[in-house]
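The task is simple: from the sequences and hints, build the whole structure.
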Amino acid sequence: MTVKSLKHKFINPKADAGDTTIARPSNWNDDHSFLLGVNVQSGLSYTLVDSDAWCEVVFTDGSATGSIAVTLPQAGASGLFVGGWRTRVRHGGQSWRLLIITPNTSTINGNTSLILLGGQYADIYSDGTNYFAVIGETPSGINVLRNCKFDIWRRGTSGTMAAGGSGYIVDGWILNPTGAACPWGQLVQAPGNFGTIYTLTLTSAAGLTDTFLYQRIESFLAASLSNRRCTFQAIVFVSGTGGSVTPMLQVGHPGGSGIDNWTSTVWDITGMPLQNCGSGYTLLTYSFVAPNYDNGCVVGLDFGGALNGAGRVAYIIMASLASGQLAPPKYRDIVTEQGLCERYLPGYYSTDTGTRMICTGTCGTTTTASIPLPMRVRPRVTPATPFAVAPVPGNFQVYTGPTFPVCTAIGTAGHSTHAIDLEITVASGLTPGNAAVLHQVGTTGPWQLLVSGCEL
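Reading the sequence shown from the start, the letters are residues 1 to 456 in my numbering.
If you are wondering where the hints come from, they were derived from the structure by calculation, not from laboratory data.
A quick note: this is a predicted structure, and the numbers were derived from the prediction, not measured.
Treat each hint with caution, since some may be false.
Simulated restraints on C-beta separations [to be verified]: (1) Thr112 to Val406: 53 to 61 Å; (2) Asp294 to Thr157: 18 to 26 Å; (3) Val381 to Asp294: 14 to 22 Å.
Computed cross-link-like contacts, DMTMM-like style, restricted to lysine to aspartate or glutamate with a CA-CA straight-line distance of at most 25 Å [claimed, not checked]: (4) Lys330 to Asp268; (5) Lys330 to Asp421; (6) Lys330 to Glu423; (7) Lys330 to Asp50; (8) Lys330 to Asp127; (9) Lys330 to Glu218; (10) Lys330 to Asp294; (11) Lys330 to Asp151; (12) Lys330 to Asp302; (13) Lys330 to Glu137.
In this text, a Cβ means the ideal position worked out from N, Cα and C, and glycines have one as well.
Rendered as structure tokens:
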């Protein structure tokens with residue numbers, strides 16, 4: 001309870017008397033205090049009442065299952081919930097459960113309902129006709145996962161990972177199928193309550209006995225989790241034939257000595273069952289106390305044999321790992337996310353059609369040019385010479401004045417953490433000693449000059 005004082009500013013020196021013809025319900029020199037109440041609800045449904053004004057209604061959800069449904073009666077109806085009525089609703093329950101506030105007839109922030117995630121609260125007030133809400137949340141750490149909403153797809157938007165393979169697909173994420181190859185892809189959808197546009201899809205196949213999706217987290221990010229209670233969350237649904245799926249959580253750290261040494265992996269949490277996923281959106285969550293992750297961390301979703309057979313697709317909408325008991329999913333802005341992804345996969349990437357100037361260098365012979373490609377973001381380590389994605393030479397040309405010969409081959413020489421050294425070959429037309437300007441050309445992209453060796 002919180003006490004608020006309404007003591008009169010004016011103090012009358014005359015004491016209360018015994019004259020009953022003078023109506024004095026209380027001593028006007030006294031403090032007139034009222035309490036801000038706390039209303040704790042452990043069930044999965046509750047209808048707010050007018051007397052919840054200036055209260056904090058906390059939902060702890062007990063041991064029940066399902067979402068929490070909160071109903072708001074119509075604002076202003078029957079002289080209740082009038083303009084100025086105010087309350088706070090807090091989701092203090094399990095972080096995987098959604099709390100859905102639905103007004104009768106009225107709207108809330110112009111919508112028919114408002115969704116709170118674990119650890120969030122809403123300050124709700126009435127204008128006498130509708131409701132409005134301001135959402136806050138329990139303090140928690142940053143999301144240490146990169147590309148957590150699957151916004152960046154520089155290796156392509158679809159592919160198939162071979163059985164027993166373990167490689168990067170969408171930026172930051174590694175797919176490891178067992179028993180059969182696993183097709184993966186991108187689903188584009190209109191943004192909704194979760195603020196996402198792109199979804200990662202994993203498609204079932206006969207003999208696919210295990211499907212493991214994971215991410216390695218660099219030490220400078222993972223260190224923020226060390227010796228703290230942390231929360232992993234992901235939004236997933238599974239469509240197609242078969243019953244519900246129970247993904248399992250895996251969390252570990254590098255087994256090699258020193259920071260970010262992934263010569264082996266030590267698993268701290270293995271096979272931890274999360275919530276059952278069906279044909280609707282499911283918020284998976286698990287909280288744990290992290291050991292020392294100063295040298296790095298790995299976290300993943302293991303679907304087991306759930307995608308073994310035909311006709312099933314797993315959709316992963318987002319993922320989050322942050323310090324905090326109730327840590328609502330955190331998203332980075334796209335500019336920061338892009339820069340973080342380029343730290344591990346540096347180079348040039350474009351989806352713009354038409355001719356675009358990229359960088360400049362020098363012609364060595366009539367058929368060769370050396371052109372350094374500056375790094376937009378300093379990579380984690382010095383890149384290796386191979387390309388991560390093989391470029392299409394015909395998508396590039398070199399201008400040396402006045403000709404624009406198209407590239408017949410693109411290779412790499414030594415690199416630094418500042419530039420990628422491109423070795424360009426054309427059929428003819430270059431002038432030795434002249435400047436060489438590399439352009440992208442054509443209408444079929446994407447245009448990729450991405451080098452390997454910087455991933456974890």
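Hints versus structure:
1. Thr112 to Val406: 53 to 61 Å: At roughly 56 Å between Cβ atoms, Val406 and Thr112 fall inside 53 to 61 Å, so the hint holds.
2. Asp294 to Thr157: 18 to 26 Å: About 35 Å separates the Cβ atoms of Asp294 and Thr157, which means 18 to 26 Å is violated.
3. Val381 to Asp294: 14 to 22 Å: Holds, since Val381 and Asp294 (Cβ atoms, about 18 Å apart) stay within the stated range.
4. Lys330 to Asp268: Holds, because 24 Å separates the two Cα atoms, which is no more than 25 Å.
5. Lys330 to Asp421: 37 Å, violated
6. Lys330 to Glu423: 41 Å, violated
7. Lys330 to Asp50: Not satisfied, since the Cα-Cα distance of roughly 34 Å exceeds 25 Å.
8. Lys330 to Asp127: 31 Å, violated
9. Lys330 to Glu218: Judged against 25 Å, a Cα distance of about 18 Å means the pair holds.
10. Lys330 to Asp294: Satisfied, since the Cα-Cα distance of roughly 21 Å is no more than 25 Å.
11. Lys330 to Asp151: 14 Å, holds
12. Lys330 to Asp302: Holds, because 22 Å separates the two Cα atoms, which is no more than 25 Å.
13. Lys330 to Glu137: 11 Å, holds
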